[in-house]
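Once you've looked at the hints, dock chain R against the given chain G.
The listed protein sequences derive, respectively, from chains G and R.
Residues 1 to 297, numbered by my numbering, are exactly what the first sequence covers, in order.
Residues 298 to 583, numbered by my numbering, are exactly what the second sequence covers, in order.
I should point out that these hints are in silico values taken from the structure, not numbers from a laboratory.
Yeah, the Cβ is synthetic: ideal placement off N, Cα and C, and Gly gets one too.
Where hints are given, some of them may not hold.
[To be verified] Stretch by stretch, here's where chain G covers chain R in the computed footprint (C-beta under 8 Å, at least three residues):
(1) 471–477
(2) 481–493
[What the hints assert, rightly or not] Okay, the calculated beta carbon distance ranges per label pair:
(3) R/408 with G/186: 44 to 50 Å
(4) G/161 with R/403: 38 to 44 Å
(5) G/251 with R/321: 30 to 36 Å
(6) R/462 with G/103: 14 to 20 Å
(7) G/293 with R/309: 53 to 59 Å
(8) R/317 with G/126: 54 to 60 Å
(9) R/416 with G/223: 47 to 53 Å
(10) G/161 with R/462: 27 to 33 Å
(11) R/426 with G/223: 54 to 60 Å
(12) R/504 with G/127: 43 to 49 Å
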Amino acid sequence: MSANITTAQPKKEDKPLTTENNQRSPLAHLASAGRAETPSRSTPVSEVAFEVNNLSCWFGQQQAVYGLNLQIPAKAVTAIIGPSGCGKSTFLRCLNRMHELVRGSRLNGRIRLFGEDVYGPRVDATLVRRRVGMVFQKSNPFPTMSIRENVTVGLRLNGVRQRPVLEERMERALHMAALWDEVKDHLDLPGTSLSGGQQQRLCIARALAVQPEVLLMDEPASALDPIATMKIEELIQELKKDYTIVIVTHNMQQAARCSDYTAFLYLGRLIEYDKTVKIFTNPSNKQTEDYVTGRFG
Amino acid sequence: MNTISPYHTWRKVKNHSMSVLSFACAITVIAPLALVLFYLIKAGASSLDWHFFTQLPKPVGELGGGMANAIVGTLMLLALASFIGVPVGVLGGVYLSEYGSERVNWWIRFGADVLNGVPSIVWGIVAYALVVVPMKGFSAYAGGVALGFMMIPLIIRTTEEVLLLVPNGYREGALALGIPRWKIILRIVMKTALKGIVTGVLLAVARIAGETAPLLFTAFGNRFWTHHLKDPIAALPLQIFSYAISPYDDWHRQAWAGALVLILIIFLINIGVRALTRGKFSGATR
Chain G
1 MSANITTAQP KKEDKPLTTE NNQRSPLAHL ASAGRAETPS RSTPVSEVAF
51 EVNNLSCWFG QQQAVYGLNL QIPAKAVTAI IGPSGCGKST FLRCLNRMHE
101 LVRGSRLNGR IRLFGEDVYG PRVDATLVRR RVGMVFQKSN PFPTMSIREN
151 VTVGLRLNGV RQRPVLEERM ERALHMAALW DEVKDHLDLP GTSLSGGQQQ
201 RLCIARALAV QPEVLLMDEP ASALDPIATM KIEELIQELK KDYTIVIVTH
251 NMQQAARCSD YTAFLYLGRL IEYDKTVKIF TNPSNKQTED YVTGRFG
Chain R
298 MNTISPYHTW RKVKNHSMSV LSFACAITVI APLALVLFYL IKAGASSLDW
348 HFFTQLPKPV GELGGGMANA IVGTLMLLAL ASFIGVPVGV LGGVYLSEYG
398 SERVNWWIRF GADVLNGVPS IVWGIVAYAL VVVPMKGFSA YAGGVALGFM
448 MIPLIIRTTE EVLLLVPNGY REGALALGIP RWKIILRIVM KTALKGIVTG
498 VLLAVARIAG ETAPLLFTAF GNRFWTHHLK DPIAALPLQI FSYAISPYDD
548 WHRQAWAGAL VLILIIFLIN IGVRALTRGK FSGATR
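Chain G on its own, in the form it takes in the complex (with noise of 0.2 Å):
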């Protein structure tokens, strides 16, 4: 495993761009606002999924992510936009350790889910991984598998046996992804003949099937035209009742019209990060400001 948590500090040439919004936490605006109509769970309404503190990571010698303080709240969406090449991916990658797949990769810096450290000495990367599922920009439904196996890949592969649990899964995974009513007919075509949009709610379902707690999705529907967009946004929204989501898009629109809350990402250094309404409508940042309204990016 190349990645390595080290201590050292990242050479600082230049200062953060916006330091006061660097530290600033979206929290203060849940305790407060908007989420309070939710009905009561076990878990408080203003529960903190993902704590990231001072996290800087590296590509080799080339540093992608500078020193980045958020957290990100539970069974809400959160959106990660930002210019390509801002760090936007490699963040959500740090998110449940597949940062540290890539030669030459490294960290620094503190991610907590659910106050536990992802990258604690005794934790096991898979295991992080089967609590924080992933959803891939290109879908990749894997080719020598029906839809069945590949919605039931992840609980067969973790030793899951008995056949009424994987068919309960299964189907309750397709329904969740909205794609049960599609494909309950040919559950044994392979999962390579459904259409761009079926195949990425495939590998949506693919990815509740193991029931994580939390969903990343990086640029989920990129790829896609507008009607599959629009349904794999109705799914998020769906999703987040019981999900936490954190999206990386490069669609503005998209940012605006699914996530609660927005973080802007320029260079690898965090610009904003507060709620989307805030974000899009009154932000606090010139720059954010010129991204949002197309002014530049």
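Showing chain R alone in chain G's frame:
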């Protein structure tokens, strides 16, 4: 007519002549193969009968007899060689594609490429030194070791190539589900590349099936049935060789038949293994 017409004609001429030329080259590749097959069938088929598959070679001077022991011997040697060569080769390929560091991989690849170029008789000497001398005798084991060692570098390289063709998205997708790495490699990556791995293995089997040199002083050949793998064993290439250089017309005919049978064996192994490993859905690679 328009002004671009002359240029248009010339371009068509060039285009046409190039496609004729490349077609001719493609035919040149196929032609010798067709000739070999045609001649083998013409010369060998007439000597093929039931006795050829069921009887031992007859003593010098007697007509008839067959190569039953050599056919079985070749199958046993191929099985022994595959027993050594396939696991080592495939797992080595998995290491190169899925685990190894760049520096280590460079050396392993370099080693495999050099070994691929080693003349087959040298493998015979290696097996002679490693197996025949310590065991104090020629044996089927020694022949299997010589052929198995020849398979390893071939299979390592083909396995690595086809595993690298499996898109990384599948590995990442599986990792994101929290599946342990070894299960991902075995059940998803290798399964996706299964056809390619099998093709590589079959190419290696076909390559060693006709080897004579490494068997000369390892398996040695045998005119009778071999009852134990510690004993010398007959093999089709050896039998073909000794019959072909003999002065008897009957043996020459049998050598042709032996060559035909050897090709048929490879052909049948190919078809059989492909039918067995055919997945429900075709994978991403050939």
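How the hints compare with the structure:
Counting residues of the stretch 471–477 of chain R whose CB lies closer than 8 Å to any CB of chain G gives 7, so the stated coverage by that chain holds, three being the minimum. Judged by the Cβ-Cβ criterion of 8 Å, the stretch 481–493 of chain R is covered by chain G as claimed, because 6 of its residues qualify and three suffice. At about 48 Å, the CB distance of residue 408 of chain R to residue 186 of chain G agrees with the hint of 44 to 50 Å. Taken as a hint, the range 38 to 44 Å holds for the pair residue 161 of chain G and residue 403 of chain R, whose Cβ atoms sit roughly 42 Å apart.
A beta carbon spacing of about 54 Å between residue 251 of chain G and residue 321 of chain R contradicts the range 30 to 36 Å that was offered as a hint. Checked against the hint of 14 to 20 Å, the C-beta distance between residue 462 of chain R and residue 103 of chain G comes to roughly 19 Å, which is consistent with it. With their beta carbons about 55 Å apart, residue 293 of chain G and residue 309 of chain R fall inside the hinted range of 53 to 59 Å. Checked against the hint of 54 to 60 Å, the C-beta distance between residue 317 of chain R and residue 126 of chain G comes to roughly 58 Å, which is consistent with it.
For the hinted restraint 47 to 53 Å between residue 416 of chain R and residue 223 of chain G, the CB-CB distance of approximately 52 Å keeps it satisfied. About 31 Å separates the C-beta atoms of residue 161 of chain G and residue 462 of chain R, a value consistent with the hinted range of 27 to 33 Å. Checked against the hint of 54 to 60 Å, the pair residue 426 of chain R and residue 223 of chain G passes, with Cβ atoms roughly 59 Å apart. For residue 504 of chain R and residue 127 of chain G, the Cβ-Cβ distance of about 45 Å falls inside the hinted range of 43 to 49 Å, so the restraint holds.
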